[in-house]
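**Q** The chain contents come next:
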Amino acid sequence: MLTIKWISLILVFITTFFIGILISKKYKKRVEELNEMKNALSIFKTKIKYTYEPIPEIFNQISKISTNNIKNIFKKSTDNMKKTNAGTAWSKALDESSTYLTYEDIEVLKGLGKLLGKTDIQGQISEIDLTSNFLDVQIAKARNEQDKNEKMYKTLGAIIGLVFVIVLI
Amino acid sequence: MDIIKIIGIGLTSLIIIIVLRQYKPEFAVYVSLIAGALILFLVIDKIAGIISLLTELSNKSNMNSQFLVILLKITGIAFLTEFAVSICKDSGESAIANKIDLGGKVIIIAISIPIISALLETIINVLPA
Amino acid sequence: MDINLLFKIAAIGILVAVLHQVLVRAGREDQAMMTTLAGLVIVLTMVIKEISTLFETVRTLFNL
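Protein chains in written order, with our numbering: chain A, 189 to 357; chain B, 1266 to 1394; chain C, 5 to 68.
If you are wondering where the hints come from, they were derived from the structure by calculation, not from laboratory data.
The beta carbon of each residue, even a glycine, is placed where N, CA and C say it ideally should be.
Be aware that one or more of the hints could be misleading.
What the hints assert, rightly or not - Chain C is nowhere near these chain A residues, computed Cβ spacing over 10 Å in every case: (1) K264; (2) I294; (3) T343.
As the list claims (entries may be wrong) - Quick list of in silico lysine to aspartate or glutamate cross-link-like pairs, EDC-like style, CA-CA up to 20 Å: (4) A:K329 / A:E224; (5) A:K329 / A:E245; (6) A:K339 / C:E33; (7) B:K1311 / C:D6; (8) A:K336 / C:D6; (9) A:K237 / A:E220; (10) C:K53 / B:E1291; (11) B:K1338 / C:E60; (12) B:K1270 / C:D34; (13) B:K1289 / C:D34; (14) C:K12 / B:E1386; (15) A:K342 / C:E33; (16) A:K298 / A:E220; (17) A:K336 / C:E33; (18) A:K339 / C:D34; (19) B:K1311 / C:E33.
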């Protein structure tokens, strides 16, 4: 009986500890994804500028070099582009894929889709620049939040677990 | 070896209170409360022995057992009021401590009225009319 | 009723203090306050039980 009690107490502690880590990871992942998105956009920009490949082709290539969630976004929008125009495909892909990005980030990225494939190359490049500037702001914000919250949630998880255990002993 | 237990509890709680007071003074009060209760619990067994001895003696000497009961009650009230008063004083609330003290005293006097009246009766009986 | 309760209260007190610090550092003063309050209530429920047993024992002993 006593061993069961101890094992369950340890399980409670581990659970809260990992919940804390999970929540804190969200902030780290957001910064990572935003950075990756920015890199992807700069690749997109250079490709548009120099290679004149069609957008689905470029997106396909980007999805090959990106990782995880960002990869999914580009892949989905490539798939969607077979059915609709580039702008709706892009925003649909953003809506559908599950990421650590916040609603605000998604809205900033969706701004890119409005002009995608509608203007000439110069217009698109300036649009990409604009989005990437917005992304810089979002990255700074996300960094700030990461500094503030990441450590807090980790400690919070561990300490709340400890409090539970001590109260239940 | 109960005295060692009591001293141990006292010193341990002292250190805990000193550490806690820096961070959260509210919890220090709880620790001192529990420490006081613990020590009282340790002592209470001995008191039970003393009380049984006293009742036995009073039975043997054919004393009025009513007085002994009152005496015990007064001791109990003094015990509890002292407990509460010292905790209030520790937390820096001497005003409340004084009120509890006053309440304890008044109740003790109220309880001991039979003894006082018996005493007065005896004196009147002894005095020449 | 034993000395473990003392250590338990001390541990909860220290942990609540750490929680308070962490939350204040993260700029969440109101939540820090709430955790302190919750800790106090938890400890109070533990303490009240012991105090009531103490009073009950004294009452039966001195037949008050």
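**Q** It remains to establish, for every hint, whether it holds in the given structure.
**A** To see whether the hints hold, each was checked on the structure:
1. K264: holds, 35 Å
2. I294: holds, 25 Å
3. T343: violated, 5 Å
4. A:K329 / A:E224: holds, 16 Å
5. A:K329 / A:E245: violated, 32 Å
6. A:K339 / C:E33: Distance of about 17 Å is within 20 Å: holds.
7. B:K1311 / C:D6: holds, 17 Å
8. A:K336 / C:D6: Not satisfied, since the Cα-Cα distance of roughly 41 Å exceeds 20 Å.
9. A:K237 / A:E220: violated, 26 Å
10. C:K53 / B:E1291: holds, 18 Å
11. B:K1338 / C:E60: Between K1338 of chain B and E60 of chain C the Cα gap is close to 14 Å, so the pair holds against 20 Å.
12. B:K1270 / C:D34: violated, 42 Å
13. B:K1289 / C:D34: holds, 17 Å
14. C:K12 / B:E1386: Not satisfied, since the Cα-Cα distance of roughly 56 Å exceeds 20 Å.
15. A:K342 / C:E33: holds, 18 Å
16. A:K298 / A:E220: holds, 19 Å
17. A:K336 / C:E33: OK: K336 of chain A and E33 of chain C at ~14 Å, within 20 Å.
18. A:K339 / C:D34: Cα-Cα ~19 Å, so holds.
19. B:K1311 / C:E33: Not satisfied, since the Cα-Cα distance of roughly 49 Å exceeds 20 Å.
Violated hints for the displayed structure, listed by number in ascending order: 3, 5, 8, 9, 12, 14 and 19.
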